[in-house]
Amino acid sequence: MTSMLTTPTRLRKSREASETRFKWFGRGAIALSLAFLVFMVGSIILQGKGALTTSEIAVTVDLSADNIDPNDIEATSFDSLMKKSLRETFPEVTSRGDKRKLYGLLSVDLGFELRDQIIADPSLLGGPQKLWFTASDDADLVLSGTVDRNLDEENRRMSDLEISWLETLEQSDSTNREFNTKFFTNGDSREPELAGILSALMGSILTLSVCFFVSFPIAILAAIYLEEFAPKNRLSQFIEVNINNLAAVPSIVFGLLGLAMLLNTFGLPRSTPLVGGLVLSLMTLPTIIIAARASLRAVPPSIREAALGMGASPVQATFHHVAPLALPGILTGTIVGMAQALGETAPLLMIGMVAFIADVPSSIVEPAAALPVQIFLWADASERAFVEKTSAAIIVLLVFLVLMNLMAIYLRKKFEKRF
Amino acid sequence: MSPENAATAAKLNITAGNRSKTVEMIVTGVLIACSLVAILVTVGIVFSLLFESLRFFERVPMSEFLFGTKWSPQTALRADQVAADGAFGAVPLITGTLLISFIAMCVATPLGLFSAIYLSEYASKRTRDWVKPLLEILAGIPTVVYGFFAALVVAPMLRSTGESVGLNVSSESALAAGLIMGVMIIPLISSLSDDVINAVPQSLRDASLGLGSTDSETIRNVILPAAIPGIAGSLLLAASRAIGETMIVVMAAGLAANLTANPLEAVTTITAQIVALLTGDQEFDSAKTLSAFALGLLLFIVTLILNVISLKIVNKYREQYD
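Listed in order, the protein sequences are those of chains W and Y.
So in UniProt numbering, spot 298 of the first sequence is number 298, and the numbers just go up one at a time.
So in UniProt numbering, spot 165 of the second sequence is number 165, and the numbers just go up one at a time.
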């Protein structure tokens, strides 16, 4: 104590310094965490932006009766017609290898795209027409500037020759970039320029629906029982411990449960939203139960007592008076649980929802992919263009998560009641 | 009212009473059934894991699984030969899991704790209202996104940084996966510790401040010691999350079962191996597939123990000050 009195300034200074230092540690920790968040989300958005636009290349196709019979359009070989038109655009290309490279500027779907355009507008027939086609992924990367044209030829997928073709096309105003609607209307594809997220999105929606319809009623009823009816005995306590522990069990273990029980024992169809939804519902159950119990607990006892005093039975008091008051809180918890389920990947891998699914699923017993699984699959793909696709799919997933959480916040704010 | 009518009314009343009683009973029954689902799920998990694991241990002795140091389940040479089914020593997976979780905890503990301390002791209510939800976003981002980011951005970054200082960093290094996993569990530590620190009674703070100590001295010498059990509980819970985390390690840590403590080398984890064993082509009943369930059982037991301990600590501690 004497030293404190004799040398007040030095000690005070060091104590003050340590105080400031401590405070800045706290600020630094928060700043670092948030900086990481901004860095991660920012870099993904920057990368995914490219996949939201796509390149188109215009090719003049001769649609006269020589090439297409107006009475029997389907009989035409659209692929060879397209290839012929490309050769006519670049007459100097003669060798087989170069020709193949030339066709590679457009996506492999070029024939179908021509057919669809003609069927949509038969008046095109009769003469040469300048039509737009989807560029291939490699051409798109060059046209969008993602791949540097000045890079050494060995370090990029497109040769100088192919880039010179693209530049010719650019000079004749035959290239165009526009919003990538295919990304939202196509299913998965081996070709990056044709791959879309619709199949995965539908799969996720179906899976989440199953998850909701299974977990919501069970969770709400379980919460009501535990909060309103359960006697304070060992069984209730055991159930409670169980629920708390289930909430912390690694998600992959639920996937193993789904594989062993639902697939191998009960023989439910593999890779389907039905099984995926069931597994996810087991995972979201504890989340919803815990949230529902908290909001039931927040309803004051006076409501119950008033209902019981008016002659309502315990079931009536609960279902007519307490549960409706707790519903906004329960819904908020449910949405948060669903948002978690939407982002969950590992258990879906266990039950085989990793297959390549190009078709958009229409029922819960058809094989389907899910959005996070699609992200996982694309992240593994070797083509450079899939990096952009993955980032774009992540953006879509994050947008859905943000919307769901905003909905939860809105519900909480709107219906929040303080008793 | 005629006697006849009265009798009918009484009868109606009785049936109505009976009916409502039956309804009450049925409803209560349904409610009980729904809450039993939680137990059913736990029982289901335990039985399915145990059953398949026992079948695995018929083929591979448990001692080899727990203490063997070589893991190469892919090298099945001949299906009819048990010994040719590869090596199933889980030690490299356990050390790999621990290494990555340790790195994650090294990142998350200081960041999460200091965030919690700042938010609960220094920050104004306004800052708190803004920063807390922002930190929670980190917990809401799906792990597959973290995995993608770790594999695509962080791992190459570490590799090139390592090259520039002359270190050979594997492109699937434990460090990349651990760092990102650490960021993922920051909000878990910060929000749980925040609760614990807030539960320390104001009287302790007032007493310490009244004796002339500064805010930071109060925190270090009074609040943290009082909150230590709860903080330990939250750290255990975070560790259990890190051990059970799957997607980050699947995408960023790879499958090389190296027995090493070097964070710059590639390691694999229990969860990453489960995914590798059970996706793609699989013959059921082979030791390879069954080993995934044994790994799952190991994972379940370890995380369960951590969870039970931490929940007990946190709950007990909460009651103490309530």
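Hints listed in this document are in silico derivations from the structure and should not be mistaken for laboratory results.
For glycine and all other residues, C-beta sits at the position ideal for the given N, C-alpha and C.
Careful: at least some of the hints might be erroneous.
[To be verified] Some chain W residues near chain Y, calculated using beta-carbon distances under 8 Å:
#1 Leu-11
#2 Ser-14
#3 Lys-23
#4 Asn-71
#5 Ile-224
#6 Leu-257
#7 Leu-285
#8 Ser-302
#9 Ile-303
#10 Ala-306
#11 Gly-309
#12 Gly-343
#13 Thr-390
To see whether the hints hold, each was checked on the structure:
no.: 1; hint: Leu-11; in the structure: violated (11 Å)
no.: 2; hint: Ser-14; in the structure: violated (11 Å)
no.: 3; hint: Lys-23; in the structure: holds (6 Å)
no.: 4; hint: Asn-71; in the structure: violated (49 Å)
no.: 5; hint: Ile-224; in the structure: holds (6 Å)
no.: 6; hint: Leu-257; in the structure: holds (5 Å)
no.: 7; hint: Leu-285; in the structure: holds (7 Å)
no.: 8; hint: Ser-302; in the structure: violated (22 Å)
no.: 9; hint: Ile-303; in the structure: violated (19 Å)
no.: 10; hint: Ala-306; in the structure: violated (19 Å)
no.: 11; hint: Gly-309; in the structure: violated (17 Å)
no.: 12; hint: Gly-343; in the structure: holds (3 Å)
no.: 13; hint: Thr-390; in the structure: holds (6 Å)
In terms of the numbered hints stated before, the structure departs from hints 1, 2, 4, 8, 9, 10, 11, listed from lowest to highest.
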